[in-house]
Amino acid sequence: MPRVVSAAEIAPTTYPFEIHARGLKVRAGRRMAVDGVDLSLTTGVHGLLGPNGAGKTTLIRALATVLRPAGGELDLLGGASQRDVRRRLGYLPQDFGFYRRFTVREFVEYMAWLKEMPKADIPGAVQRAIDRVDLTDRADARLKTLSGGMVRRAGIAQAIVNDPAILLLDEPTAGLDPAQRMHFRGLLRDMTDICVVVSTHLVEDVAAACTDVVLLNEGRVVFQGATEALAAAGTETDPGDSPIERGYSALLAKGAAR
Amino acid sequence: MTQHASPQLLRRYADSDPTLAADMVWALEVHLESCANCRARLATEASAVAPLVDEIWASIVPDTTPAAVHRTRRLAVWATPAMVPWLAMTALITLIALVADRLVAPPYPSLALLLAPIAPVAGVAAAWARGLDPAHELVAATPRAGLYLVLRRTLAVLVVVIPLMAVATWTSPLRWLLPCLAFTVATLALGGFVGVSRAAVGLVTGWAALVMGPSLVSQRLPSVLEPAALGAWVAVLVAGAVVVRLRATVYTRLAT
Numbered sequence: 001m002p003r004v005v006s007a008a009e010i011a012p013t014t015y016p017f018e019i020h021a022r023g024l025k026v027r028a029g030r031r032m033a034v035d036g037v038d039l040s041l042t043t044g045v046h047g048l049l050g051p052n053g054a055g056k057t058t059l060i061r062a063l064a065t066v067l068r069p070a071g072g073e074l075d076l077l078g079g080a081s082q083r084d085v086r087r088r089l090g091y092l093p094q095d096f097g098f099y100r101r102f103t104v105r106e107f108v109e110y111m112a113w114l115k116e117m118p119k120a121d122i123p124g125a126v127q128r129a130i131d132r133v134d135l136t137d138r139a140d141a142r143l144k145t146l147s148g149g150m151v152r153r154a155g156i157a158q159a160i161v162n163d164p165a166i167l168l169l170d171e172p173t174a175g176l177d178p179a180q181r182m183h184f185r186g187l188l189r190d191m192t193d194i195c196v197v198v199s200t201h202l203v204e205d206v207a208a209a210c211t212d213v214v215l216l217n218e219g220r221v222v223f224q225g226a227t228e229a230l231a232a233a234g235t236e237t238d239p240g241d242s243p244i245e246r247g248y249s250a251l252l253a254k255g256a257a258r
Numbered sequence: 001m002t003q004h005a006s007p008q009l010l011r012r013y014a015d016s017d018p019t020l021a022a023d024m025v026w027a028l029e030v031h032l033e034s035c036a037n038c039r040a041r042l043a044t045e046a047s048a049v050a051p052l053v054d055e056i057w058a059s060i061v062p063d064t065t066p067a068a069v070h071r072t073r074r075l076a077v078w079a080t081p082a083m084v085p086w087l088a089m090t091a092l093i094t095l096i097a098l099v100a101d102r103l104v105a106p107p108y109p110s111l112a113l114l115l116a117p118i119a120p121v122a123g124v125a126a127a128w129a130r131g132l133d134p135a136h137e138l139v140a141a142t143p144r145a146g147l148y149l150v151l152r153r154t155l156a157v158l159v160v161v162i163p164l165m166a167v168a169t170w171t172s173p174l175r176w177l178l179p180c181l182a183f184t185v186a187t188l189a190l191g192g193f194v195g196v197s198r199a200a201v202g203l204v205t206g207w208a209a210l211v212m213g214p215s216l217v218s219q220r221l222p223s224v225l226e227p228a229a230l231g232a233w234v235a236v237l238v239a240g241a242v243v244v245r246l247r248a249t250v251y252t253r254l255a256t
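One line per chain: the protein sequences are E and R, in this order.
Count the first sequence with the numbering used here and you get residues 1 to 258, in order.
Count the second sequence with the numbering used here and you get residues 1 to 256, in order.
Hints were generated in silico from the structure; no laboratory data involved.
Accuracy of the hints is not assured; some may be wrong.
Claimed, not checked - Some chain E residues near chain R, calculated using beta-carbon distances under 8 Å:
| no. | residue |
| --- | --- |
| 1 | 19 |
| 2 | 22 |
| 3 | 68 |
| 4 | 96 |
| 5 | 115 |
| 6 | 116 |
| 7 | 202 |
| 8 | 208 |
Cβ atoms here follow ideal geometry from the backbone N, Cα and C, with glycine treated the same way.
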């Protein structure tokens, strides 16, 4: 059954960047976990890379509008209101909780309801989202009966159910086996027309699926550019097994030395 | 001119009647090849295979009606599964209070009445607390998150707790209904500053230490639960409601 495309969906955008942050500061507890980040992201798959504790999760939470910035400016979708932004946002938190007794379909339907989707669109959109993450045959299984990888796919299904303009995925590949990670990267490569931010500490995920990289260290952006530029930043003497890993460690070392 | 096949003959052929002679079958098949009319009639006469054909059709035609909304999800619109154990705990404690009240002599203050103000607090905490609701972070990032959703869940708690208390206290609601509502609103209002679960713990501890304990020791109903204290409870209720309304935006963010 073809989907009806509304006029709002094909209207031209009136803003240059889906995500536009200037001097963004966000607190995590007492610590300033994100400390003056300038970021302009448009459509494409952006890898948010950095060591543990670099502020990736805090930055993603601020972009998901669940944390209030402590300073600086953050415009999402050209400065739309919080509610409008959230209608067009998909968010998968790092350790996302769920109700274990829900089936995959109930879970995604519930999230679609929370995202204020029109009632008539929900069943179709839910089915499409479940199909996209390859959970069709387990759609009516309870979440507690699914493996970790399947649960994460259900999490991705709820994130994409409202056809978001901004998709934020926090460590989506943690706990996935190699085949599932490959499938996930394929899913990412299909999302060329929206702004996807994937946070990860796995360098190979970035190499395989992202068009560009934002490297974060101690709450600041130390590098932003194409994946090839990240690879070019490293030399043979830097630690790492692949060009991208060497570039990653070279840039982190340079950031630390400054 | 060709003679058309009789209905009986067609039926016997369609049902593959073994007594039908082979030459009759040949003649009929030759006729059917050239006669669209008889082929159409053959379909209607096939009574034995018709149910099977219908069944196959039914299984391959795509189901265009959307799946019915599941009961679980319809309930989740009001109360999350995370709230269920807390509401069950509230019901259990109420039951224990009810039994205790039957066992002790009347001059002793009613335990159910003493518990009434803090009865909804646990359910309200489970409605919007990061530690108690596993899906809290997912829900907090959706457009529906906010005061409206919190109040919706709070209402679900009250719908369960108020009838329970009405039965357990078995006295005029004047004594306990306002304190009950005031504590509900106070939990949300304080929760906007320190997080709903911390506010709930604080209020329950405060009530137990300052009112329930002394009342059980002195064996007298505390003066705050006398009808004369109604004015104070109204003041708490109104003040709490104003604070909740003014700080409505905190419920659109991740709870602390």
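Structure-based check of each hint:
| no. | hint | in the structure |
| --- | --- | --- |
| 1 | 19 | 15 Å, violated |
| 2 | 22 | 21 Å, violated |
| 3 | 68 | 6 Å, holds |
| 4 | 96 | 6 Å, holds |
| 5 | 115 | 5 Å, holds |
| 6 | 116 | 5 Å, holds |
| 7 | 202 | 22 Å, violated |
| 8 | 208 | 27 Å, violated |
Of the numbered hints stated above, those contradicted by the structure are hints 1, 2, 7, 8, listed in ascending order.
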